[in-house]
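Colleague: Between the sequences and the hints, there should be enough to build the whole structure, so can you do that?
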Amino acid sequence: MARVLLFGRLSDVAGWRERSIDSPFLSALRITLAAEDAALGEALGGKGVQVALDQVIVRGDAPINPGTEVAFLPPMSGG
Amino acid sequence: MIRLTFDPFDPGALLTEFAKGRSETGAVATFTGIARAEAGATVALELEAYPGFTEGEIGKIAAGAKARFGLDDCEIVHRIGRIAPGEPVVFVATAARHRRAAFEACDFLMDYLKSKAPFWKKEHGPDGARWVEPGDQDHADIARWDKETSR
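From first to last, the protein sequence lines are chains A and B.
So the number in the working numbering is just where the residue sits in the first sequence, counting from 1, plus 1.
So the number in the working numbering is just where the residue sits in the second sequence, counting from 1, plus 504.
Calculated directly from the structure, the hints in this document are not laboratory data.
Treat the hints with care, since some could be wrong.
Rough simulated footprint, nothing fancy, chain A against chain B, three-plus residues with beta-carbon under 8 Å [to be verified]:
{"#": "1", "stretch": "521-527"}
{"#": "2", "stretch": "548-562"}
FRET-style restraints, in silico, Cβ to Cβ [unchecked claim]:
{"#": "3", "chain 1": "B", "residue 1": "K524", "chain 2": "A", "residue 2": "A35", "range": "49 to 57 Å"}
{"#": "4", "chain 1": "A", "residue 1": "E43", "chain 2": "B", "residue 2": "R603", "range": "46 to 54 Å"}
{"#": "5", "chain 1": "B", "residue 1": "G556", "chain 2": "A", "residue 2": "D23", "range": "34 to 42 Å"}
{"#": "6", "chain 1": "A", "residue 1": "P25", "chain 2": "B", "residue 2": "A545", "range": "45 to 53 Å"}
{"#": "7", "chain 1": "B", "residue 1": "R586", "chain 2": "A", "residue 2": "D38", "range": "36 to 44 Å"}
{"#": "8", "chain 1": "B", "residue 1": "E550", "chain 2": "A", "residue 2": "G49", "range": "50 to 58 Å"}
{"#": "9", "chain 1": "A", "residue 1": "A35", "chain 2": "B", "residue 2": "A523", "range": "36 to 44 Å"}
Below, a sample of chain A positions facing chain B; criterion: calculated Cβ distance under 7 Å [said to hold, decoys possible]:
{"#": "10", "residue": "F8"}
{"#": "11", "residue": "G9"}
{"#": "12", "residue": "R10"}
{"#": "13", "residue": "Q56"}
{"#": "14", "residue": "T69"}
{"#": "15", "residue": "P76"}
{"#": "16", "residue": "M77"}
{"#": "17", "residue": "G79"}
{"#": "18", "residue": "G80"}
Built from N, CA and C at the ideal position, the CB exists for glycine as well.
Modeller: Printed below as a string of structure tokens:
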């Protein structure tokens with residue numbers, strides 16, 4: 002199981018912040034999430050949304066080992 | 505030092521502590537960002553961070569500033585959670601031998617904190633809430649540092 006975290010507007014779209022989901026690849030995880038919530042699927046593919054696996058930003062697809070923390074990060078705004 | 509805090513902080517006290525015992529530093533610059541009321545349009549800000557990751561990413565930004573401007577030291581304190589108008593949101597202090605490096609590093613750190621540090625900001629108003637995302641001005645601000653030659 003991977004620990005999936007949503008930040009910022011993504012958690013508002015989904016209505017949850019953290020869930021455990023079983024998925025071998027990031028691409029498969031995206032498909033699973035989009036299949037159960039089309040609005041979230043679209044938001045995760047939106048402009049500027051980045052993904053971190055165990056707190057390291059990744060681009061493209063990647064395998065997800067059990068226990069991995071998968072974080073979806075919308076555009077950042079501090080200060 | 506990098507610190508995230510749910511509690512209000514006193515920028516004056518932070519400056520006093522930061523400037524203490526620096527007999528060779530010469531220059532300390534600070535910036536304090538304060539939550540705006542926007543004439544009643546914003547009743548509160550809500551700042552979300554990704555614990556661990558946020559501190560790590562700010563650490564990389566701070567290390568970049570230290571190397572680029574030859575800083576002796578820098579400090580970043582950032583509020584998270586709910587923040588009322590008038591309360592400080594962010595405090596940045598830089599220490600260098602001369603003022604130009606201290607001023608510029610402060611400016612650099614704020615530009616990066618605005619759009620590259622892992623924070624998500626929601627503005628609560630009388631008619632509901634909205635997520636704030638970096639705009640054209642924020643992108644232009646950060647692009648300035650790519651154009652300038654590294655010192």
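Colleague: Now tell me, hint by hint, if it's right for this structure.
Modeller: Structure-based check of all given hints:
no.	hint	in the structure
1	521-527	violated (count 0)
2	548-562	holds (count 6)
3	B:K524 with A:A35: 49 to 57 Å	holds, 54 Å
4	A:E43 with B:R603: 46 to 54 Å	holds, 49 Å
5	B:G556 with A:D23: 34 to 42 Å	violated, 24 Å
6	A:P25 with B:A545: 45 to 53 Å	holds, 46 Å
7	B:R586 with A:D38: 36 to 44 Å	violated, 27 Å
8	B:E550 with A:G49: 50 to 58 Å	violated, 20 Å
9	A:A35 with B:A523: 36 to 44 Å	violated, 52 Å
10	F8	holds, 5 Å
11	G9	holds, 3 Å
12	R10	holds, 4 Å
13	Q56	holds, 4 Å
14	T69	violated, 14 Å
15	P76	holds, 4 Å
16	M77	holds, 5 Å
17	G79	holds, 3 Å
18	G80	holds, 4 Å
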